[in-house]
Amino acid sequence: MSKVKDPFVRIVKRDKIHPLLKVLFYCIAILAALTVGGVLLIAIGVNPLVLYKDMFTIGMLGSRFAYKSVEGLITIFVPLLITSLALSLSFKMRFWNIGGEGQFIIGALAAATVALKFGESMSSFSLLLLMFLSAMLAAGIFGGFVALLNVRFKTNETLMTLMLNYIALYLLRFFGETQAPWNFYLSDESVRPVFQKFAETAYMPTISIGKFSLNISFLFAVAICVGVYFYLKKTKHGYEISVVGDSANTAKYAGMNVKKIIVRTMFFSAALIGLAGGFYVSGAKVLSTSVTNNVGWTGIIVAWLSKLNTFAIFGVSLLISIMQYGAQAASTQFPIIDSNFADLLQGIILFFVLAADFFIRFKLVFRKSAKKQGGKAA
Amino acid sequence: MNQLEVLTLFLFNIVVYNIPLLYGTVGEIIIEKSGSLNLGVEGIMAVGAIFGYLIGCSVNSLTVGILASFLCAGLFGVVFAVLTVTMQANQNVTGLTMTTFGVGLFFFIGKGLSGSWPVMTAYSNINDGFKNALEIPLLSKIPILGKAFFSHNILVYLGVVIAVAVWIYLNKTKTGLRLRAIGENPAAADSLGINIALYKYIHIIVGSGIMGIGGYYMGLNLGGSFEGSNCWINGYGWIAVALVIFANWSTAKAILGTLVFGFFNTLQIYSGSLAYAFPKSLGFLSNVPPQLYQALPFIITALVLIFASVNKKKKMAQPAALGLNYYREER
Amino acid sequence: MAAEYAIELRNINKSFGSVAANKNINLKVRQGEILALLGENGSGKTTLMNMLSGIYKPDSGEILVDGKIVSVNSPEDAKKLGIGMVHQHFKLVDIFSAADNIWLGAEETTDKSAKGKLSQIFLRNKRFTEIEKTAEKFGFQIDAKKLVKNMSVSEKQTLEIIKVLYYGAKTIILDEPTAVLTVQEIEKLFEILRKMKAQGHSVIIISHKLNEVLAISDRVAILRKGEYIGTVNTSETDELQLTELMMGKKADLNIRRSKVEKKQPLLEIRDLTVKNDEGAVAIDHVNFYVRGGEMLGVAGIAGCGQKELCEAMAGLRKIESGRMIHEGESIVGLPPQKIIEKGISMSFIPEDRLGMGLAPSLSITDNMILKKYKQNHLNPFVDRKTARKDAQEVIAELEVVTPSTEIPVRRLSGGNVQKVLLGREIKADPNVLITAYPVRGLDIHSSYTIYNILDDLKQKGVGILFVGEDLDVLMALCDKIMVLCHGKIMGVVHANKTTKEQLGLMMTGALDLTESDNGKPVGIAKDSNIKEGVQ
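Residue numbers (my numbering), protein chains in the order written: chain R, 1 to 378; chain U, 1 to 331; chain V, 1 to 535.
Some clues are possibly wrong.
Unchecked claim - In silico DSS-like links for lysine-lysine, alpha-carbon gap of 25 Å or less:
| no. | chain 1 | residue 1 | chain 2 | residue 2 |
| --- | --- | --- | --- | --- |
| 1 | R | K233 | R | K259 |
| 2 | V | K133 | U | K172 |
| 3 | R | K233 | V | K427 |
| 4 | R | K92 | R | K154 |
| 5 | R | K260 | R | K92 |
| 6 | V | K145 | U | K174 |
| 7 | R | K236 | V | K389 |
| 8 | R | K234 | V | K372 |
| 9 | V | K91 | U | K315 |
| 10 | U | K312 | V | K170 |
| 11 | R | K285 | R | K197 |
| 12 | R | K154 | V | K318 |
| 13 | R | K234 | R | K307 |
| 14 | V | K209 | V | K188 |
| 15 | R | K260 | V | K372 |
| 16 | R | K13 | V | K23 |
| 17 | R | K285 | R | K117 |
| 18 | V | K91 | U | K172 |
| 19 | R | K260 | V | K338 |
| 20 | V | K342 | R | K259 |
| 21 | U | K312 | U | K253 |
| 22 | V | K91 | V | K156 |
| 23 | V | K342 | R | K260 |
| 24 | V | K149 | U | K174 |
| 25 | R | K234 | V | K338 |
| 26 | V | K146 | U | K315 |
| 27 | V | K389 | V | K460 |
| 28 | V | K488 | V | K209 |
| 29 | V | K91 | U | K174 |
| 30 | V | K497 | V | K209 |
| 31 | R | K22 | R | K307 |
| 32 | V | K57 | R | K363 |
| 33 | V | K149 | V | K170 |
| 34 | V | K372 | V | K427 |
| 35 | U | K174 | V | K133 |
To be verified - Each pair of labels, with its calculated beta carbon distance range:
| no. | chain 1 | residue 1 | chain 2 | residue 2 | range |
| --- | --- | --- | --- | --- | --- |
| 36 | R | F8 | U | I154 | 41 to 49 Å |
| 37 | R | P205 | U | F278 | 51 to 59 Å |
| 38 | R | V50 | U | D128 | 43 to 51 Å |
| 39 | U | A320 | R | L49 | 45 to 53 Å |
| 40 | R | I42 | U | N125 | 31 to 39 Å |
No lab work stands behind these hints, which were simulated from the structure alone.
Glycine included, each C-beta is placed from N, C-alpha and C at the ideal position.
So that you can see chain R by itself, here it is in the shape it has in the complex:
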């Protein structure tokens, strides 16, 4: 008979964990990630302390135009926040909407269509309203369609939304690169294909606070954040989402129309992302083929890092935005660094946080301590 020895270490599910320990694990994870990032920086001859300082202060320190940095930060932060919030709706339902990129593009495209078609003929208020409504509707249908296929035929939503991301992207490129008389998206003045700038009525209004001008999409984003919190926590819809996400069988048993809930939630999720796209182009005043700035992907990371907690999403997307904008700001001093470093660091942070999750959910039992336990019982 072969001899079998105890393994050196075993993985055992934790029953519960002290909240402070949880926080400690996450702090260690982030510190470890920054350390690894720092080592990489040293390897290419950049002093990590200086860079991190520049990055996390988004270039405000010592700048006479610090408010410009905040304005820039907000342009990155608003779409990311709204997209992450929207994704958390579908993730809470365990519906894998990874189509944020595509939905954002469709929303931006719809808003731009309205802006370019009716920009001259409508008042600013009604034009903006129409832009945002059509952005939401278009993106909502674009995403809701996947949910419809999923509930009707069990079409895999992860792979389907993934495909639609690229279909949307090439649609946008088609409008952005095809010079033809019908193509009202492009500017007539340029020889090369360039997107047409919107009329002034389509600009997102700003509120001036001294020199600083606050894009009001920021206020909307904060309102949406609070709204999503109440939607998930207090309303019947939110309750339905958590039941469906927890157990679809139980939801059916309780008389919920699970299919309707999935399609509706996915519609809302995609519509919100579309709205983010609408806000973005209205603030940028022009469409662009790289309009998403990867928020569809980053949003997934934010939602996951935040454990789908609404207010954590606010914090995490702010942190990620600071990293991204900060990396850009730091590039004036370190030409080697650009927003890709933010992506890299983001990736490292998430790797470590995923690892921290493991230590929160499981504990390791080593051979010796296992024996000790056995000895105690015997």
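Put chains U and V on the given structure of chain R with help from the hints.
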């Protein structure tokens, strides 16, 4: 150029430009057959590409470059394996992070080296090794097809050989059978004493390694020039994820699928010359927007996904436990 | 000379979270005997055996195989030690053939020649005939090329047994092997087990069915509430003693059964046919009714249509044909929500307890409002205030052990989970209560609490359909008992006039009272509630 030459060149380039898709797809099929959905293909290919290129150039050897791209991408795959297999992290999120990180690392290293970036033409072994066509005796003499399909560089053949070998491995060997059992029903495999974690680790690593070679190929095909804005992989990793579905999780069909997807990819570049060479029959090609060709692989895959789910009788070969983590003591 | 005991377990402990599944268990299995492991649902039988087969790892204690202390860390270790287990949920790969499922985990041969090595690497067609031959050696006829997904339950089980034998298991564990089998198939299985014993194998069979235990085993080991009670020789025991050991005291089922005045039928089922998930007929032209103030028990072997019947009545499963009439109105085709609003409440406790009826990650409060959160359509918000009050009341009335109302249900122990579920159903103030296995895995005290709650409801005039497992309980608690066998009704009998033997015969299909009745179909009320013209 006469008609024949245009056609030959078109077919030739379908292969040349799109073999990385085959590498990516075969790698992903190996990983998915073990039950893991890895959305990090793009990132893994990027990591394989840059390390393969830099290490290959440092010793001026194509072989070393191939090995380095395989090993570095495989090493990067370990991150996915540790997080999803041992640490039970969500596969979708981990995969996406692999992409974010991998592409970020690609640029980070590229920019870090900006001044001392190796130029491919300076490394004769690599440059010639990649550009020299190996003609297959007899077959390469067939008109049109011979030049188009049987006169390519070594990495093209290697890709096809790997695809065929993996097909045999998965379908005709005992280890392959065990791997498929894990992807279908890990609890059943576990009860038979198959070491699930070991199998998953090995196949994630090997699959990632194969993707890495594909990334290296892309870099070489672009002449190894680093531009600050475009990643060499340029979305091919995502097309590979789509191609896995189109090929119905078969590496043999992936060869065919590579040609189909490659056909559209290449049309985007060659539609003009084809239309010029065959004005009567293919003249319409110049009126088709190139973005449609780029989108077609994704449109086709989306349609395959929809039709496969509508038509329940023709079940797809998607592993039943794909995307689910396995924890023995789950209850 | 081999040791006297093939397997010995010493002081085994295992907990899941705060729930102790096994407490200090000692168990010995002799060489070449059939040992029955007897215990109620939830007494820790499967957990214990899963530790022997390497699925779980004991928190403490020792396992001895052939007198030597061993450590079983994985199914592979178990395989090496000659222990094989046939799980209740078969561990088979559906898209593989029988042969591939068997030899998938086989060790490499020792043939070192080039040809031998090659044969280890590649799949050969010879494997099918080889496996068929091996199966024949053990006394089985199988089609090695048949895919598992095309097999019947009995075929799958046979395949699992062959698999275990193929790996040279000396000790074979079967987890509730008869639960899914027909009478003939059970007899065949027992034949196989006896043959294995004759070949020198030790067999452990997990069961909670006394007649089977007595028929097949040499000795019976009893577990109760995760504790080892003792082992008796089968030849020296009887059903009564075993029941006592299993239940803890003499099966003194002093369950309260109030007499309530006969009322109109509340719910009538006529000619109902329902299919299961696989598309096979699960409920076959069934007729019965439930009166107000009456408790109708449903007896039957596990998996003979109980689940499908409950789901059909709750509107969760499409019905193929037939009528379901509630207070004169058809409820066929109504969505679950409408059926809930009519006052028909269904609570089904599946084997994993949390599968249906509760959202495990949600708090007790949130689970309280599961079925009525929609009330007051104009208000878009969930009324958690009332829910919290309900939760507190249920916790107090049913003695639910929990630190607060905001704890996720998943964190409660099994009995408390069931109390929460049943408590919610009662709070909904139903007029028809369909409850399936409400005391599954509960301790005696909690079970009696639940029996009394059900009886209270009956006194209030609620019609109750009680789907149960334990015949003694059905006979003591219910007014009438309906027996199902493979989706058909074998008859409805008065609980105080029937005998266990009669019920047992009906459950196995040996006795069919519907045929003996003179022309009148069983299960249709004389004072029928069906209004003419209602479809």
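Contradicted hints - numbers only: The structure conflicts with hints 10 and 33, although it agrees with all the remaining ones.
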